[in-house]
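Top line first, the protein sequences correspond to chains A and B. Residues in the first sequence are numbered from 65 upward in steps of one, following the numbering used here. Residues in the second sequence are numbered from 65 upward in steps of one, following the numbering used here.
In short, the hints are calculated from the structure, not lab data. Be careful, since some hints might not be right.
Since the list gives no way to pick out one identical chain from another, each pair is judged satisfied if it fits inside one copy or across any two copies.
[Stated by the list, open to error] List of simulated lysine to any residue pairs, SDA-like, C-alpha gap at most 20 Å:
id, residue 1, residue 2
1, 122, 190
2, 264, 109
3, 74, 105
4, 70, 81
5, 127, 218
6, 218, 254
7, 127, 111
8, 70, 93
9, 70, 105
10, 216, 274
11, 70, 190
12, 74, 221
13, 264, 194
14, 70, 276
15, 74, 145
16, 74, 119
There are 2 protein chains.
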Amino acid sequence: MDTGDKAASKIASAIGEPARARILYCLMDNRARTSTELAAVAGVGTSTTSAHLDRLLKARLLKVVAQGRHRYYSVAGPGVARILEGLVAIAGARGPRFVPGTPDRLRLARICYDHIAGSLGVRLHDRLLALEWISKTSTEGRYALSALGREKLKEVGIDVEELEGRRRRMAYGCLDWSERRFHMGGLLGAAILGLALKRKWLAKDLDGRGLSPTALGQKEFHRHFGVVVGA
Amino acid sequence: MDTGDKAASKIASAIGEPARARILYCLMDNRARTSTELAAVAGVGTSTTSAHLDRLLKARLLKVVAQGRHRYYSVAGPGVARILEGLVAIAGARGPRFVPGTPDRLRLARICYDHIAGSLGVRLHDRLLALEWISKTSTEGRYALSALGREKLKEVGIDVEELEGRRRRMAYGCLDWSERRFHMGGLLGAAILGLALKRKWLAKDLDGRGLSPTALGQKEFHRHFGVVVGA
DNA sequence: ACGACACTTCGTTCACTGACGAAGTGTGGA
DNA sequence: TCCACACTTCGTCAGTGAACGAAGTGTCGT
Numbered sequence: 065m066d067t068g069d070k071a072a073s074k075i076a077s078a079i080g081e082p083a084r085a086r087i088l089y090c091l092m093d094n095r096a097r098t099s100t101e102l103a104a105v106a107g108v109g110t111s112t113t114s115a116h117l118d119r120l121l122k123a124r125l126l127k128v129v130a131q132g133r134h135r136y137y138s139v140a141g142p143g144v145a146r147i148l149e150g151l152v153a154i155a156g157a158r159g160p161r162f163v164p165g166t167p168d169r170l171r172l173a174r175i176c177y178d179h180i181a182g183s184l185g186v187r188l189h190d191r192l193l194a195l196e197w198i199s200k201t202s203t204e205g206r207y208a209l210s211a212l213g214r215e216k217l218k219e220v221g222i223d224v225e226e227l228e229g230r231r232r233r234m235a236y237g238c239l240d241w242s243e244r245r246f247h248m249g250g251l252l253g254a255a256i257l258g259l260a261l262k263r264k265w266l267a268k269d270l271d272g273r274g275l276s277p278t279a280l281g282q283k284e285f286h287r288h289f290g291v292v293v294g295a
Numbered sequence: 065m066d067t068g069d070k071a072a073s074k075i076a077s078a079i080g081e082p083a084r085a086r087i088l089y090c091l092m093d094n095r096a097r098t099s100t101e102l103a104a105v106a107g108v109g110t111s112t113t114s115a116h117l118d119r120l121l122k123a124r125l126l127k128v129v130a131q132g133r134h135r136y137y138s139v140a141g142p143g144v145a146r147i148l149e150g151l152v153a154i155a156g157a158r159g160p161r162f163v164p165g166t167p168d169r170l171r172l173a174r175i176c177y178d179h180i181a182g183s184l185g186v187r188l189h190d191r192l193l194a195l196e197w198i199s200k201t202s203t204e205g206r207y208a209l210s211a212l213g214r215e216k217l218k219e220v221g222i223d224v225e226e227l228e229g230r231r232r233r234m235a236y237g238c239l240d241w242s243e244r245r246f247h248m249g250g251l252l253g254a255a256i257l258g259l260a261l262k263r264k265w266l267a268k269d270l271d272g273r274g275l276s277p278t279a280l281g282q283k284e285f286h287r288h289f290g291v292v293v294g295a
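Model the full assembly from the supplied sequences, consistent with the hints where possible.
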């Protein structure tokens with residue numbers, strides 16, 4: 065009677081470990097996270113987490129994408145979320161149920177290292193390309209400042225010369241895990257976030273990750289970049 | 065973030081053990097089985113199986129009904145089957161998928177210890193009550209032979225006096241797990257099965273559990289009891 | 001009353017696996 | 001080139017739980 069009970073039990077046992085369950089539930093919002101972040105969620109060390117993640121990968125519950133020195137883990141597919149939902153249903157938990165596609169606080173704008181992620185970050189990225197302030201280079205995902213862009217960014221208040229003296233790449237498309245599209249990373253992305261915080265266009269949320277646009281920010285983002293901040 | 069990950073991981077770990085997974089998959093046909101049967105399926109001893117079943121009960125994946133010296137285990141609800149289906153789907157198993165309500169070979173007629181179970185057994189039980197060959201007694205689930213029944217059964221070829229000399233109960237309703245209704249157990253049930261086998265109304269299947277009605281059986285069951293054998 | 005039987009509980013052994021820290025790999029930025 | 005950082009791999013240790021047999025409980029049939 066080969067009904068796949070063996071393979072299924074492997075998957076179930078992969079879920080059935082407290083640390084791994086915490087990881088999976090954390091990832092149920094469809095956002096990808098690094099192993100370090102997940103280690104904090106799971107409440108165990110990074111090496112242990114690495115082993116857990118490896119097992120979840122092998123069980124085809126998660127997938128991973130390497131980007132730079134980070135490895136982003138996310139759920140492998142909709143079937144995984146469905147199973148977890150089913151388990152919670154049987155468990156009779158009363159906790160807040162996850163509804164796919166629910167917009168949330170972090171979705172609009174948040175910090176990705178030192179630049180803006182979320183729909184605002186993605187719109188900025190797209191807008192700068194459309195305005196031709198930046199242009200694609202031969203290197204995949206990297207952008208160069210155009211003459212127009214250099215001028216316009218100086219007008220906005222960014223010290224372009226200082227940036228050009230640095231070794232870090234000027235601008236690149238950084239994959240955004242709530243939007244599944246690129247937002248602006250690199251020196252330019254960092255400079256824009258720095259400016260937005262200094263001028264109080266954006267305020268850091270208490271958790272240090274979320275970004276709330278201010279009334280001033282709404283106006284200024286639109287004036288300088290032609291970007292509408294609202295969701 | 066109390067999304068029930070703890071409770072769900074307990075359930076998942078209950079499924080995620082090979083022996084328990086085999087038990088669950090075996091029970092996915094909605095038929096109840098005893099712990100001894102399940103021990104054979106799981107491939108471990110009865111005491112170990114008892115511990116597994118206890119854990120599955122506590123995880124609310126199974127339910128149990130005690131009947132005499134047997135304890136019948138079955139899946140607790142449709143949600144359980146759905147989860148198992150989901151796990152198999154992710155596992156990518158190709159095995160024969162269970163479809164609820166699928167009629168199968170054992171459903172029509174099979175041996176339950178020494179009497180007939182399945183839809184044939186249930187119909188005989190209902191028919192004998194309707195014909196008033198037997199009647200309900202003060203003891204729940206037990207039946208007594210009526211004067212009419214004694215006479216008619218003798219005509220059929222059953223040695224009623226011999227049965228009445230025994231100490232075992234004459235007739236009782238035995239819960240049928242494919243039909244979820246009562247079939248006829250006790251001396252009378254055993255006598256009917258013995259007669260049906262001796263006269264080749266029914267033939268034992270190779271597995272020693274299933275019963276196949278013969279062409280003669282179709283006719284005779286109808287003639288003596290007014291029961292139509294067909295599904 | 002007695003043995004047969006189904007099942008559970010108890011006590012023990014043993015393999016598995018989750019935990020950590022240390023060391024290794026690879027990328028990015030000064 | 002060099003350091004900082006994110007992450008993985010390796011080695012070791014300790015706790016969990018799955019396995020069995022023996023003994024106990026309760027029901028059935030003679």
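Comparing the hints with the structure gives:
1. Taking the shortest Cα distances, residue 122 and residue 190 never come within 20 Å of each other, neither inside one copy (36 Å) nor across copies (54 Å).
2. Within a single copy, residue 264 and residue 109 get their C-alpha atoms no closer than 37 Å, and across copies no closer than 69 Å, so neither meets the 20 Å cut-off.
3. Proximity of residue 74 to residue 105 under the C-alpha cut-off of 20 Å is restricted to the inter-copy arrangement: shortest distance 18 Å between copies versus 23 Å within a copy.
4. In this homomeric assembly, residue 70 and residue 81 come within 20 Å of each other (Cα to Cα) both inside a single copy, at 18 Å, and across copies, at 9 Å.
5. Taking the closest pair of Cα atoms, residue 127 and residue 218 never come within 20 Å of each other, the shortest separation being 41 Å inside a single copy and 72 Å across copies.
6. Within a single copy, residue 218 and residue 254 get their C-alpha atoms as close as 15 Å, which meets the 20 Å cut-off; across copies the closest is 98 Å, which misses it.
7. In this homomeric assembly, residue 127 and residue 111 come within 20 Å of each other (Cα to Cα) only inside a single copy, at 18 Å, whereas the closest approach across copies is 40 Å.
8. Within a single copy, residue 70 and residue 93 get their C-alpha atoms only as close as 29 Å, which misses the 20 Å cut-off; across copies the closest is 17 Å, which meets it.
9. In this homomeric assembly, residue 70 and residue 105 come within 20 Å of each other (Cα to Cα) only across copies, at 13 Å, whereas the closest approach inside a single copy is 29 Å.
10. In the homo-oligomer, the alpha carbons of residue 216 and residue 274 never lie at most 20 Å apart, since the shortest distance is 28 Å inside one protomer and 84 Å across protomers.
11. Taking the shortest Cα distances, residue 70 and residue 190 never come within 20 Å of each other, neither inside one copy (48 Å) nor across copies (41 Å).
12. Proximity of residue 74 and residue 221 under a CA criterion of 20 Å is satisfied in neither setting, with 56 Å inside one chain copy and 56 Å between copies.
13. For the identical chains of this complex, residue 264 and residue 194 are neighbours neither inside a copy (26 Å) nor across copies (86 Å), given an alpha-carbon limit of 20 Å.
14. When the C-alpha separation of residue 70 and residue 276 is checked against a cutoff of 20 Å, the pair qualifies neither within a copy, at 48 Å, nor between copies, at 32 Å.
15. For a Cα distance limit of 20 Å, the shortest separation of residue 74 from residue 145 qualifies both inside one copy, at 17 Å, and across copies, at 17 Å.
16. Proximity of residue 74 and residue 119 under a CA criterion of 20 Å is satisfied in both settings, with 10 Å inside one chain copy and 18 Å between copies.
Violated hints, listed in ascending order, are 1, 2, 5, 10, 11, 12, 13 and 14; each of the other numbered hints is respected by the structure.
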